[in-house]
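J.: The chain contents come next:
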Amino acid sequence: MNLISNCISFAAQFPVLYYMFPLTAAISLVYSASRFEDPQAILKKSFRLFMQIMVFMLGVLLLLYLLSANI
Amino acid sequence: MATKNTVTSSTNDDELLDLKKNWLAAVLTWLIPGAGQIYQGRTFKGVLFGICILGMFFCGVQMGEGRPVYCYYESETGDRNRLVMRHRNYGYISQFLVGLPSIPALIQSKRFDSPANTYDLDRPIKKPFEGVVRAGVNGQQQEVVGLIELKMEPGPSGPELTGKLSGTLQASGESVELELIQSNGGEYGYPSLGRKIAADPQRLVSLEIAKVVQGPEGLGRDIMGTIPRPFHNWYQVPLQDSELQDMNARLGKRWELAMVFTWIAGLLNILAIWDAYEGPAYGLRPLIASAGGEGESSGNSQASQPSGPNTEKQIAEPVTTASTPNRPEKPSSS
Chain A
741 MNLISNCISF AAQFPVLYYM FPLTAAISLV YSASRFEDPQ AILKKSFRLF MQIMVFMLGV
801 LLLLYLLSAN I
Chain B
2 MATKNTVTSS TNDDELLDLK KNWLAAVLTW LIPGAGQIYQ GRTFKGVLFG ICILGMFFCG
62 VQMGEGRPVY CYYESETGDR NRLVMRHRNY GYISQFLVGL PSIPALIQSK RFDSPANTYD
122 LDRPIKKPFE GVVRAGVNGQ QQEVVGLIEL KMEPGPSGPE LTGKLSGTLQ ASGESVELEL
182 IQSNGGEYGY PSLGRKIAAD PQRLVSLEIA KVVQGPEGLG RDIMGTIPRP FHNWYQVPLQ
242 DSELQDMNAR LGKRWELAMV FTWIAGLLNI LAIWDAYEGP AYGLRPLIAS AGGEGESSGN
302 SQASQPSGPN TEKQIAEPVT TASTPNRPEK PSSS
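Line by line, the protein sequences are chains A and B. So for the first sequence, the working numbering puts the first residue at 741; every next one is plus one. So for the second sequence, the working numbering puts the first residue at 2; every next one is plus one.
Do not rely on the hints blindly, as some may be mistaken.
[To be verified] Partial chain A-side listing against chain B, Cβ under 10 Å, derived: (1) P762; (2) Y771; (3) A773; (4) F776.
[Said to hold, decoys possible] Far from chain B, by Cβ distances over 12 Å, these chain A residues were calculated: (5) M794; (6) M797; (7) L798; (8) G799; (9) V800; (10) L801; (11) L802; (12) L803; (13) L804; (14) Y805; (15) L806; (16) L807; (17) S808; (18) A809; (19) N810.
I should point out that these hints are in silico values taken from the structure, not numbers from a laboratory. Predicted model only: the values in this text are computed from it and were never measured. Yeah, the Cβ is synthetic: ideal placement off N, Cα and C, and Gly gets one too.
One chain only, chain B, in its complex shape (with noise of 0.2 Å):
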């Protein structure tokens, strides 16, 4: 028999509020917090749920420079080993109730394990990078911006890494042109490319220098630098330790904060869809009725009771009194 869910208006007792398809509302507003309220024509609260609850998981995410929500976090244990632990990120428990906006990041975590998530090109790629011009590993470094070129070209061993850039060096103003070869990686420790996903907007390149086609003789070795990634292959990526390592060195307590508030707006919205499932904890008598109008309980036989006159009353001061025998007594304080 198909039933509707209802309960009486706070205000009006002649008015049923009608709660449709609370599993429903219940699935919308952990998806979209405020979403039931609304699809049950409570738009005051599912507005306030909204504003409050993303407002607040949005504010945590920029403050922690979109990356305070991500699932786990790896760290390597030695150089030589590489053997790479991961840790469960336990936070992400709490972000996960706020629904569809913590979603990508078990999207993400599936990318960023995924074998096409290397350290290659999948097409060539022209970004605007900023980064030095070195001479060595303890060498003069010169700041150089402007226009890279990348492409994946076929090698002795294998696909290899060049490139072109085209900036101006930032002390003296001079233009450069430099033709890139893949470096070995071994002399800084570094890939000639960062990863394609991480949980960093920005990408690392760090190239030999082939050819100087324009710009003053000697200078330099090797360039690094960094070309942005796009925002789908960083944000809310798994951390790497050095990424976390840096986001607490840069921020401290406003890392944390940032975080304590995406986990808050999570523990929220399970008010909100207890709020869309059940109604309003005081004030209200939850009935279910038929489709043939007939009362039926909710999962509690009071609940289907007629209206007495102690109830009308308990219906219209719902602030100051407590509420029917299936509710909750309301706290004395209130």
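Extracted from the complex, chain A is given alone in its bound form (with noise of 0.2 Å):
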């Protein structure tokens, strides 16, 4: 429990947009988990949807960030 809460703590020490890895990850997971019965297609089509939601979000990212510079 100890264990737990000492990971825990470690990890509130990150910034918040950090979260979103293992939160994508375990969205992916579960979203290809309940579309395949294969773990191979689930682990295979859970990275891909990984990949591209974080492609997605670093694209959003890129667009606030070019729409908030002076430029």
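Take the two lone chains, each set in its own frame, and fit them into one complex as the hints suggest.
T.: Right, here's the structure in full:
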């Protein structure tokens, strides 16, 4: 229990944005697992979905950065 | 007639994946994410759902210091009227989908509203105390930690709280022993003792000093601090406005994120429940095999037809081809 608490406390030091990685990974895994039965297909598809979401988020981040930049 | 829900395996055409009693599996998955899949023998998916959904839920609970799951919160309008307004926490609808881990919130809301949830003590207690000794409203404060004994004793206007504090002054290191009596509460506006059941792991204690048995003269007029509240008396208990404001002030975005984690965990469990009931969306062909081995439709006549060459190909290549007509078309992107 202390180990879990220490891990959470350690994770609490990270910026809020970093939480999107485990969040996206869990969403990708559960979504893919509800689509396919084969473990390999689940892992393959979830990795692909994870990357798609990350690229999309990065795109949005870039767009917001450009919009907020005084060019 | 007893029936069994089965689907053909995506990896082996001859192997049938037994969904067993799919309604039971769905209920089990709602109660404990992944339990239904494990009951169906789909251990990998069961463990995956369990780790992802429960992990996300409890991560959110831990981030929110155990308090993001609650049915409603209370706010008071005005100090004079003390009209308590109850506000529903609509996020709980989503949290409820996680099943058993969110059920305590329902029980705790009943306990919170019960007449037994008073500002009194059921029995004498002895707990660690952390707080301050105060010389008055604006007077000097000295931090004190120690052990406090509290009990209810008959007084002129009913039972009154009394106690004894044995502790140490943090600044000077001096030992103190104080006899305590119930304060009127009017001067500071606090009750002598916090509610028995509330959403804070710490229970408020505010008592007047009746006698300084040991310690410096003129130590103070009263003590104010907290004692630990038992886990079952604060976990998933409805929040009060002050507690909610405290969480927002202290945790900020992390409080919001904690609730988002628990909400998403609940929403993801819908997919897991569906998977337990219907099987995976793609690559498999649902069948209901009767006890006598005769194929029957599971609400779709297409499902009971024997597998033709095309169907076999579809089953053999579940990831890259479209599924049978009773299944949604596989997205072209995948």
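J.: Determine for every hint whether it applies to the structure shown.
T.: Structure-based check of all given hints:
With a least beta-carbon distance of about 8 Å to chain B, the hint placing P762 of chain A at the interface is held under the 10 Å criterion. At a threshold of 10 Å, the smallest CB-CB gap from Y771 of chain A to chain B is about 6 Å, leaving the interface hint in force. Proximity of A773 of chain A to chain B holds as hinted, the smallest CB-CB distance being about 5 Å (cut-off 10 Å). Checking F776 of chain A against chain B: minimum C-beta separation of about 5 Å stays under 10 Å; hint holds.
M794 of chain A, annotated as away from the interface, keeps every beta carbon of chain B farther than 12 Å; the closest lies near 16 Å. The Cβ of M797 of chain A lies farther than 12 Å from every Cβ of chain B, with a closest approach of about 15 Å, so its non-interface assignment holds. Every CB of chain B is more than 12 Å from the CB of L798 of chain A (nearest about 19 Å), matching its label as outside the interface. With 12 Å as the threshold on Cβ separation, the claim that G799 of chain A sits away from chain B holds: the shortest Cβ distance comes to roughly 17 Å.
Listed as a non-interface residue, V800 of chain A keeps its Cβ farther than 12 Å from every Cβ of chain B; the least gap is roughly 17 Å. Non-interface call for L801 of chain A relative to chain B: holds, since the shortest CB-CB distance, roughly 17 Å, exceeds 12 Å. Every Cβ of chain B is farther than 12 Å from the Cβ of L802 of chain A; the closest lies at roughly 22 Å, confirming the non-interface assignment. The non-interface label for L803 of chain A is consistent with chain B: the shortest C-beta to C-beta separation is roughly 21 Å, beyond 12 Å.
No Cβ of chain B comes within 12 Å of the Cβ of L804 of chain A; the nearest lies about 17 Å off, and the non-interface call holds. Y805 of chain A, annotated as away from the interface, keeps every beta carbon of chain B farther than 12 Å; the closest lies near 19 Å. Consistency note on L806 of chain A: stated as away from chain B, and its beta-carbon is indeed over 12 Å from all of that chain's, at 24 Å minimum. With a least CB separation of 21 Å from chain B, L807 of chain A remains clear of the 12 Å interface cut-off, as annotated.
Every beta carbon of chain B lies more than 12 Å from that of S808 of chain A, the smallest distance being close to 19 Å; the non-interface claim holds. The claim that A809 of chain A is not at the interface with chain B holds, since no C-beta of that chain comes within 12 Å of its own (minimum 23 Å). Taking the minimum C-beta to C-beta distance to chain B, about 26 Å, the non-interface status of N810 of chain A holds against the 12 Å cut.
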